[in-house]
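As given, the protein sequences belong to chains Y and R, one line each in that order.
According to the numbering used here, the residues represented by the first sequence are 1 to 279, in order.
According to the numbering used here, the residues represented by the second sequence are 280 to 712, in order.
Hints in this document: simulated from the structure, not taken from any laboratory.
Where hints are given, some of them may not hold.
Computed cross-link-like contacts, DSSO-like style, restricted to lysine-lysine with a CA-CA straight-line distance of at most 27 Å [claimed, not checked]: (1) Lys162/Y - Lys458/R; (2) Lys95/Y - Lys167/Y; (3) Lys167/Y - Lys222/Y; (4) Lys457/R - Lys95/Y; (5) Lys167/Y - Lys555/R; (6) Lys95/Y - Lys606/R.
Everything numeric in this text was worked out from a predicted model, so none of it was measured.
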Amino acid sequence: MNFLFLITVLLYLATTIFHVLYLTFGERSDAVSIRSRMEMIAFWMTILSFGILTLFIILWWIKQGYFAITKWSDSIAFLAWTITLVYLIIVRLTKLRTLGSFVMPVAFIFILISYSFSETTSHRADIFTTNWVIPHVILIILSYASFIAAFGFGLMYLIAEKKIREKTQTLLYNILPPLDVADELGSIFIFLGVILLTIGVLVGSFLPTYLKDLPWNWYDPKVISTLVTWLIYVVHICIRQFWGWRGRKAAFLSILGFLAVLCTYVGVDLTLDSIHEFQ
Amino acid sequence: MNNIVSIGTSHHIAPIEFREKLAFSEEQLIESLHNLRNSYHLKEAVILSTCNRVEVYAVANPQMITESPTKTLLDFLSHYHRIGADILKKWSYLHQNIEAIQHLFRVTSSLDSMVVGESQILGQVKEAYDISRSAGGSGTILNRLFTKAFSVGKRIRTETTIASGAVSISYAAVELAKKIFNTLEQKTVAIIGAGEMSELTAKHLVANGVSKVIVANRTYERAVNLAKKFNGIPVSYDENLDFLIDADIVISSTEAPNYMIQRKPLADIMRKRKHKYMFLIDIAVPRDIDPDVSKINHAFLYNIDDLEAVVASNLKDRYEEADRAEKIVTQEAQRFHDQLQILEVNPTIKALHQQFQDIADVEIQECLNLANLSKTQESAITSMANAIVKKLLHHPVQNLRHSVNDGNADHSQYVHALRELFALDEKYDKEQE
Numbered sequence: 001m002n003f004l005f006l007i008t009v010l011l012y013l014a015t016t017i018f019h020v021l022y023l024t025f026g027e028r029s030d031a032v033s034i035r036s037r038m039e040m041i042a043f044w045m046t047i048l049s050f051g052i053l054t055l056f057i058i059l060w061w062i063k064q065g066y067f068a069i070t071k072w073s074d075s076i077a078f079l080a081w082t083i084t085l086v087y088l089i090i091v092r093l094t095k096l097r098t099l100g101s102f103v104m105p106v107a108f109i110f111i112l113i114s115y116s117f118s119e120t121t122s123h124r125a126d127i128f129t130t131n132w133v134i135p136h137v138i139l140i141i142l143s144y145a146s147f148i149a150a151f152g153f154g155l156m157y158l159i160a161e162k163k164i165r166e167k168t169q170t171l172l173y174n175i176l177p178p179l180d181v182a183d184e185l186g187s188i189f190i191f192l193g194v195i196l197l198t199i200g201v202l203v204g205s206f207l208p209t210y211l212k213d214l215p216w217n218w219y220d221p222k223v224i225s226t227l228v229t230w231l232i233y234v235v236h237i238c239i240r241q242f243w244g245w246r247g248r249k250a251a252f253l254s255i256l257g258f259l260a261v262l263c264t265y266v267g268v269d270l271t272l273d274s275i276h277e278f279q
Numbered sequence: 280m281n282n283i284v285s286i287g288t289s290h291h292i293a294p295i296e297f298r299e300k301l302a303f304s305e306e307q308l309i310e311s312l313h314n315l316r317n318s319y320h321l322k323e324a325v326i327l328s329t330c331n332r333v334e335v336y337a338v339a340n341p342q343m344i345t346e347s348p349t350k351t352l353l354d355f356l357s358h359y360h361r362i363g364a365d366i367l368k369k370w371s372y373l374h375q376n377i378e379a380i381q382h383l384f385r386v387t388s389s390l391d392s393m394v395v396g397e398s399q400i401l402g403q404v405k406e407a408y409d410i411s412r413s414a415g416g417s418g419t420i421l422n423r424l425f426t427k428a429f430s431v432g433k434r435i436r437t438e439t440t441i442a443s444g445a446v447s448i449s450y451a452a453v454e455l456a457k458k459i460f461n462t463l464e465q466k467t468v469a470i471i472g473a474g475e476m477s478e479l480t481a482k483h484l485v486a487n488g489v490s491k492v493i494v495a496n497r498t499y500e501r502a503v504n505l506a507k508k509f510n511g512i513p514v515s516y517d518e519n520l521d522f523l524i525d526a527d528i529v530i531s532s533t534e535a536p537n538y539m540i541q542r543k544p545l546a547d548i549m550r551k552r553k554h555k556y557m558f559l560i561d562i563a564v565p566r567d568i569d570p571d572v573s574k575i576n577h578a579f580l581y582n583i584d585d586l587e588a589v590v591a592s593n594l595k596d597r598y599e600e601a602d603r604a605e606k607i608v609t610q611e612a613q614r615f616h617d618q619l620q621i622l623e624v625n626p627t628i629k630a631l632h633q634q635f636q637d638i639a640d641v642e643i644q645e646c647l648n649l650a651n652l653s654k655t656q657e658s659a660i661t662s663m664a665n666a667i668v669k670k671l672l673h674h675p676v677q678n679l680r681h682s683v684n685d686g687n688a689d690h691s692q693y694v695h696a697l698r699e700l701f702a703l704d705e706k707y708d709k710e711q712e
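This is chain R alone, in the form it adopts within the complex (with noise of 0.2 Å):
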C-alpha cells in the first residue's frame, strides 16, 4: 500500500513563535529531503516552508516501515528541530491518504489561506515542489499528486470566484476606477497630501497604466520628496485647486481639520475640464472632501468607509464560494485517491497474468514436443489452455478491482496476499521496473 501521509503546522491552528521553530531554509530544506529517504526510509517526501504554514508530505515504503508512517514524520520534525513531540504533536496536524490528498487540493486552491482565494500560495507550494523533484525528493506518486495538485488550484481559480474581488482598501480603489475607466492609460491621478495607503493607491494605478502623477501638499519640500517615488509632478496648494483640471483621480488623505474640497469649487473645476469623468478616493479622518461632492455629475466620491464596505462585501463573497470550491476539492480528492488504488492494484494484476501465462507456454510446449501432432490439434490444444488461464483469473481479477471501488474492502490486504500466495514479488517486480 502505498501510504500518502503528511504533517503540518500553519496560523490556523499555531502561533507564530511555533512555527517559526520549525521553518526550513532552502538548504535545511535539501539536507532534510535526503535525511527523510535515507534515515526515515520513506519512499518519497516533499517539504513546504512559508511564513504561514510548515508541511512535510511524504510516500512511506510499505516494506521499510515498521512503525505508522505518521509517526516517522512526527520523530523527524521533533528530532530535526528539536522540539518536543508532545508540543509538537498539540500544534500539528497528521494526515494521511485522501485525507492529506485533500489537505494538498486545499492548500493549492488556497481554502486553507489567511484570505481565500489569494495567489501566492500556488507558487510557493511550486518552488516548494521544484526544490523537492530536483533534490531527488519526490517520485512518482508525489509526482502525481502536486501535478494534480496544481491543476485543481487553476480550476477552482477559474470556475469559481474565491479569487475575484479586490479585497483591499488600495485595490478596491483600482477596481472601481476601471468600472469608470475603460483603461487607465492616459489617466491623471492626484495625491493631496502624504499617507501610506494613498502611496500604495497610487502605485497599483501606475501599475495598472496611470501615465501621470501629480502630488500635491502644503509644503513644497514634501511634495517633491513624494513625487520622486512615482516619477511625479509636485505641487504646493494654498486655496488654489486648478491643478485638480487635469485630475481624472483624486486621492486626498491629509490631516486638514475641515473639508479641503468643497462642491462649489470643485463644479468649477469639472465645468473647466469639460465634465470629464472624476474618481475621488477620500481615505482621510477626518474627511477631506465634502460629501455634497457626489452630487456633481461626473464626479463619483467614495471615502475610506465605502472601500472598506465593497472590501467586506467582496470577502463576503468569497467565503460563499469557498463552499462550493471545498466541494470541488473533496471530489477530486477522492478521484485522485481512486486513480491511485487502481494504479496500485494494476502491477499485481499484471504479474498474476504473467505468470499465469508463462506456466501454460511451458507446458503446452511440453505437451507439444511429446506428442506428434497435427497443426489443427496443436490450435486446438494452446487455446484450451490460454481459455483454462483466463478463466481462472477471471473471478479473483474482478473482485481485485471492485475491492477498490468499494470503500468498506481493504483491497491491499488482497495485493499482499497475492503476491504472498503466488510469489510474485521476486520475479515479476523486476521485470515492471
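So here's chain Y without its partners, still in its complex pose (with noise of 0.2 Å):
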C-alpha cells in the first residue's frame, strides 16, 4: 500500500517537473519541437498519475473499509486527486494545457504532504462516522479544488498581462490565454468555489446539532479561517460585480485567497488546537 502510495509521489513529481520544463522551454524561440513534446509529455503524464492515484485511493478505502476522507493527510490526497480531476475537467473544455503547469504543482505538494504525514497512526474518532461529515469534506475539498484552479488561472493573467505590457515577444506569451478568458475563467472557478465552500460550511454548522457532544465553538480557528477565506473571495465576486474590478486586482485577490486556503487547511492543522484537527 505504502509502495504504491510512494510511486504515486514520485509520479507527481515527475508530472510537475514535465510542466515545469514545458513552461522553460516556453521562453526559448529555438524549441518549438521540444516544447510541444514537453506539452504531450507532461499531459498523458498527467492522465497516468491521476490514474494511479484514482487506483490507491480505492485500495485505501477498500482496506480502510470506510470512504477515508476524514482523517487530515486522507483528505489531502482525496484534495490532489481533485484538483487532478478539475484541471482535467478544463483540459477536455478549453484545451488549455498551460494550466496544468500552474495547479500540478501544488497537486505535488499536497500529495507529498499527505504522504510525509499518512505515517502518523490516529484513530479513527466517533464523531466522523456521522453520514453529515463526508459530504461536509467533500463539498469544502471541492471549493479548494476551484480556488485553486482560480488560482492558476491568476498566476496566468497576470504572467500574460505583464508580457502584454512589456511588449516582450516570447513563445511563452502564445502559450497563455487571452487575457479575457484567464480572468473569465478565473472569476467562474471563484464563483464556483464560494458556493461550494457555503454550503459546505453550512452542512458543518449543523453538525453539532446532530452529535451532542461536538461543543461549537465560535474561537475554533478552523472556523475563523475558513470565514476570512470565504470573505476574501465573497468580496471578489462583489468588487466584479459592482465596481467592474477584474483583470490584475482579481488575479492579486485569487492569489491571496489561494493562501488563505493554504493557512486554513495546513497551516491551522499543523499548528493550532481544533475539533476540526483530524487527527
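Please dock the two separately framed chains into a single complex, following the hints provided.
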C-alpha cells in the first residue's frame, strides 16, 4: 500500500517537472518541437498519475472499510485527486493545457504532504462516523480545488499581462490564454468555489446539533480561518460585480485567497488545536 | 537517365526590368509547353511565372537529347523572349537533378521567397502545375515531383514556425488584439483620423470578426467618407472623446501635433466603460496618445515602434526557423532523388528477369518435348532451370540496386549497358508500356 503511494508521489513529481520544463522551454524560440513534446509528455503523465492515484485511493478505502477522507492526510490526498480531476475537465473543455504548469505543482505538494503525514497513526474518532461529515468534507475539498484552479488562472493572467505590457515577444506568450479568458475563467471558478464552500460550511454547522458531544465553538481557529477565506472570495465577487474590478486586482485577490486556503487547510492543522484537527 | 532540369530567375538575382521580359502570360504558357515538347524534344515541362520569379522545370528525353538539357532550356528562353543568351546566363540559375528538386522544394516551402513563410507561393506553383498538366506538359516524373513539392511545402509550414507570427504592422495589431480578447466578434473598433495604415488595420480587424466600426474625424464629411468603406458609424469630435466608451480597440493616426488622448480623460472613459479592456494602437508620428495612458489598468497601448519591434522579432524568429526548414528540404530532396532512381532501375531489372525467364521457359519446353520424362523428373528440370536464372541474375541485380544508393557509382551507365548488351529495349519496353 505504502509502496503504491510512493509511486504516486514520484509520478506527481515527474508530472510537475515536465510541466515546469514545458513552461521554461516556452521562453526559448528555438525549442518549438521540444516544447510541444514536453506538452505531450506532461499531459499524458498527468493522466497516468491521476489513474494511479485513483487506484490508490480506491484500494485505500477498501482496506479501511469506509470513505477514508476524514483523516487529514487522507483528505489532502483526496484534494490532490480533485485538483487533477478539475484540471483534466478544464483541459477537455478549453484545451488550456498550460494551466497544468500552475496547478499540478500544487497537487504535487499536497500529495507530498499527505505522504509525509500518512505514517502518523490515528484512531477514527466516533464523531466522524456520522453521515453528514462526508458531504461536509467533500464539498469543502471541491471548493478548494476550484479556488486552486482560479489561482492558476490568476497567475496566468498576471504573466500574460506582464508580457503584453513589456511588449516582449516570447513563445511563452503564445501558450498563455488571452487576458479576458484567464480573467473570466478565474472568476467562474471563484464563484463556483464560494457556492461549494458556503454549502459545505452550512452542512458542517449543523453537525453539532446532531452530535451532542460536539461543542459549537466560534473561536475554533479553523472556523475563523475559513470565514476569512470565504470573505476574501466574497469580496472578490462583489467588487467585480459592482465596481467592475477585474484583471490584475482580481488576479491578486485569487492568489491571496489561495494563501488563505493554505493557512486554513495546512497551517491551522499543523499548528493550532481545533475540533477540526483530524487526528 | 531521367534528367530533371530547371532554369529560372528570381528577385534574388535579377531586377524587375529583366524579370518582366521573361514573364509568361497564360496563353504563352500553353504555347510554350507545346513548343518545349515538340520542338525542343523535352519529355515533360512545367513553367512557373509570378511577379517574383520565372522558372521552367523539365525532364529531358534520354533518347532524343544530343546536347545538354540545360542548354536546351537556355536556348528556348532566349529564343522565345528574344534575349541574348549571355544576358540570360548572367541573370538566371540552372539546376540539374537533385539541385533542381531541392530548388523546387525551397520554392514551395517559401524559403526562397522575399518574406520567408509567406503562403502565396504554394498557390502560385499549384496553379502553374495545373495549367501544365491540363496542357499535357507534365508527365509521370514531374507529376510526382510537384505532388511531393506541395507536401514538403505543407510539412515545412506545420513542423516549423516559419509561417507563424505577424510580419506586417497591421497583422501584428490583429495578433496582439487576440492576446487580449478571446474573440474579436462583438467587439468595437474606433479609428481616429485617416490614413492608409489605420484603414488597413481596421480592414484586418473586421475580417477577423470585429462587428462595429466607429470612424472619428475632426471634419464630419471625412468621417462619413471613410465610414462608408467599413459600414461604420461616422463621428466628429472636438474635445469630447465619449465615443471611446464603446471602443474595445482604438487606432489613432491623426496629424495633431499634441497628445489627443491624455491619461486623465481616458481614465474617466475607462471608468464609464466599467474597466473593460481597451487596446490602443497609436500609429501617428508625432504620437496621438500620451504614453502615460498605459499606466491605466486594463488599457494597453502600443505605438508604431512597438509594433515594428514585434514585426522585427517575428521576422528574426522566421529566419532562425528557416535553418531548420532548410535541413528538412535537403533531406526530402535527397529521399525523392533516391526514390526516383530506384524507379528508374526497376523496369530494367524487371525486363532482365523477364528475358531470362522467357529463354529458360522455351528451353525447358523443348527439352521436355524431346525426352519422355516422368512428372518428378519434369519438375526437377524445371526447378533447376529456374534456379540457374535466379543465380545468374543475383549479382547483376544486387549491384545495380547498390549503384543507386552509392553516390559514386553511376547507375545510369549500368542501365544503359544492360539495355544495350541484352537488347532489352525493343521487346521489353513495349511490354512495360
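Structure-based check of each hint:
no.	hint	verdict
1	Lys162/Y - Lys458/R	12 Å, holds
2	Lys95/Y - Lys167/Y	25 Å, holds
3	Lys167/Y - Lys222/Y	44 Å, violated
4	Lys457/R - Lys95/Y	17 Å, holds
5	Lys167/Y - Lys555/R	20 Å, holds
6	Lys95/Y - Lys606/R	32 Å, violated
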